[in-house]
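The whole structure should be built from the sequences, with the hints applied where relevant.
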Amino acid sequence: MSDHDHDHDHDHAPLTVDEKPGYFDVMETAVRELLIERKLFGADEIRRQIEVLDSRTPALGAKVVARAWTDPDFKSRLLENGRTGCEELGITFYDDTQLIVLENTPDVHNLIVCTLCSCYPRPVLGLPPDWYKLKPYRARAVYEPRAVLEEFGTSIPHEVEIRVSDSTAIIRYLVLPMRPEGTEHLNEAQLADLVTRDAMIGVIQVEYKKEAA
Amino acid sequence: MEGSLLAKIEKISGVVPAEGEVPLFNEGEAVAIAMRSPIGHYRMPTYLRGKRGKVEAIIPGMAVDNEEEGYGRNAGSKGHYYRVAIPMTEVWPDYIGSANDGLRIEVFENWLEKPSDV
Numbered sequence: 001m002s003d004h005d006h007d008h009d010h011d012h013a014p015l016t017v018d019e020k021p022g023y024f025d026v027m028e029t030a031v032r033e034l035l036i037e038r039k040l041f042g043a044d045e046i047r048r049q050i051e052v053l054d055s056r057t058p059a060l061g062a063k064v065v066a067r068a069w070t071d072p073d074f075k076s077r078l079l080e081n082g083r084t085g086c087e088e089l090g091i092t093f094y095d096d097t098q099l100i101v102l103e104n105t106p107d108v109h110n111l112i113v114c115t116l117c118s119c120y121p122r123p124v125l126g127l128p129p130d131w132y133k134l135k136p137y138r139a140r141a142v143y144e145p146r147a148v149l150e151e152f153g154t155s156i157p158h159e160v161e162i163r164v165s166d167s168t169a170i171i172r173y174l175v176l177p178m179r180p181e182g183t184e185h186l187n188e189a190q191l192a193d194l195v196t197r198d199a200m201i202g203v204i205q206v207e208y209k210k211e212a213a
Numbered sequence: 001m002e003g004s005l006l007a008k009i010e011k012i013s014g015v016v017p018a019e020g021e022v023p024l025f026n027e028g029e030a031v032a033i034a035m036r037s038p039i040g041h042y043r044m045p046t047y048l049r050g051k052r053g054k055v056e057a058i059i060p061g062m063a064v065d066n067e068e069e070g071y072g073r074n075a076g077s078k079g080h081y082y083r084v085a086i087p088m089t090e091v092w093p094d095y096i097g098s099a100n101d102g103l104r105i106e107v108f109e110n111w112l113e114k115p116s117d118v
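As you go down the protein sequences, you meet chains A and B in turn. Mapping the first sequence onto the UniProt record's numbering, position 185 (from 1) lands on 185, and the numbers just tick up by one. Mapping the second sequence onto the UniProt record's numbering, position 7 (from 1) lands on 7, and the numbers just tick up by one.
Don't read these hints as lab results, they were simulated from the structure. Be aware that one or more of the hints could be misleading.
Unchecked claim - Subject to a maximum C-alpha distance of 27 Å in a straight line, what follows is the list of computed DSS-like cross-link-like pairs (lysine-lysine): (1) A/135 to B/51; (2) A/209 to A/75; (3) A/133 to B/51.
The following block contains the structure:
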């Protein structure tokens, strides 16, 4: 710990990478260095793209949801075309993907998954959580969605249709959760605070507890 | 969702569309997903091959075939994607849940067929 000489009041192990890079880490580094060496793109472009990705978080999706809850015209445009709806709020799409916004209703509960890999509405939600990319979720979301939802603490009545959208190619999905009851007095920003990443994936519903407010 | 304009507008006679420009399938039409096993990059999950469903929507606009794109072959490979609805009970005979539960997936046109008995 001798090289860890700054002062703060908690203990932690030195922040170092001791593990040897894995096969894919080495391959990524090799390909990246080759592409830069051949001037197919530059290090600054990679850095810029990381900056783009880092700027995307679920807070953007939450803003979209809150706007849809409070502005019926916006909501209908958003459901018509998810991408241009988000672009209205200044959320740019830096790739060729389209976005379909799936509205949860008392009759339909939507859930999104990518069984092949990790397609995810990154422009509006940022990077997906690890569990979204792992095989258990990817396989089970399409095979036993109700059991998966129960594990997230979400119980959907039998008469409500579960609609699982498997994202595989050019389309990304964003779930528009139902606005919880008792939130009539909240403004758009307060509503956005209630909307979480998992609700926009569809594994949970948005809840509002008055006593917690 | 807005469907493909080409599928909806009244056709003016004499206009010849390019090959693949007019969607082969209409909204609401019964379709089957092809049963084939190409080697290499594919975007049609195995668990849905051979399953039947119906076209819920034609994705507006045309887009590249992602499978061809995987090999850098983009030119001229634009076509229609469809949002296809498949009942969970069609996918999984032992499905536990409601008979109303369903799956949605976007499928490139070359994976869709007319069901054999329709």
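Evaluation of the provided hints:
no., hint, in the structure
1, A/135 to B/51, "holds, 22 Å"
2, A/209 to A/75, "holds, 25 Å"
3, A/133 to B/51, "holds, 25 Å"
Checked against the numbered hints above, the structure violates none of them.
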